[in-house]
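Make a model of the complete structure from these sequences and hints.
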Amino acid sequence: MRAQGSSLDETDLDLLAALTSHAEITNKALAQRLNLAESTCAHRVRALRERGIIRDTRIRVDEAALGFPLQAIIKVRLAHHTGPKVTALFDALVATPRVLQVFHVAGVDDFLVHVAVEDATALRDIVLEHITVHPVVRGTETQLVFELRDGVGLLAR
458 MRAQGSSLDE TDLDLLAALT SHAEITNKAL AQRLNLAEST CAHRVRALRE RGIIRDTRIR
518 VDEAALGFPL QAIIKVRLAH HTGPKVTALF DALVATPRVL QVFHVAGVDD FLVHVAVEDA
578 TALRDIVLEH ITVHPVVRGT ETQLVFELRD GVGLLAR
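Numbers 458 to 614, taken from the working numbering, label the letters of the sequence shown in order.
It should be emphasised that the hints constitute simulated quantities derived from the structure, not laboratory data. What you are looking at is a predicted structure, and each value in this text was computed from that prediction instead of being measured. Glycine included, each C-beta is placed from N, C-alpha and C at the ideal position. There's no promise every hint is true.
To be verified - Between beta-carbon pairs, the in silico distance windows are: (1) 512 <-> 484: 17 to 23 Å; (2) 591 <-> 507: 19 to 25 Å; (3) 593 <-> 483: 45 to 51 Å; (4) 486 <-> 575: 34 to 40 Å; (5) 538 <-> 606: 28 to 34 Å; (6) 494 <-> 576: 48 to 54 Å; (7) 480 <-> 596: 36 to 42 Å; (8) 483 <-> 604: 40 to 46 Å; (9) 509 <-> 534: 29 to 35 Å; (10) 591 <-> 526: 25 to 31 Å.
This is the structure we're talking about:
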């Protein structure tokens, strides 16, 4: 499998696939898994970071275990679309506490806001105190998330 429009080779793709499924793997274990010299493995991972192909490394937490068992997707529709106002809203949404992800999308809705909160009151407060207060917002619709599963990702083999 070769990534279109990129200069990634099979070794790069193998590194990315391994790191995507096991981000905590040590360089030594990664090198052994891919049959690479440790120095080569470290150099190639560093190069992938420098090129911006590996953007960051994150830890995932169990939202419910932290006291935020209720997840929802809040659809946001705008009354009008001007660049600065859309950008300002986007910035405000991603800075809102309990927001996990914000998608700026095409279609009937303009933004999808994924949140994790402690209860229905907190969900309502996000909508009323952080979203509908923006004059550019025409309306919202909230959908509860019953279950969330990760897909296999881009580099599944």
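Problem set entry | Hint numbers contradicted by this structure | 2, 8
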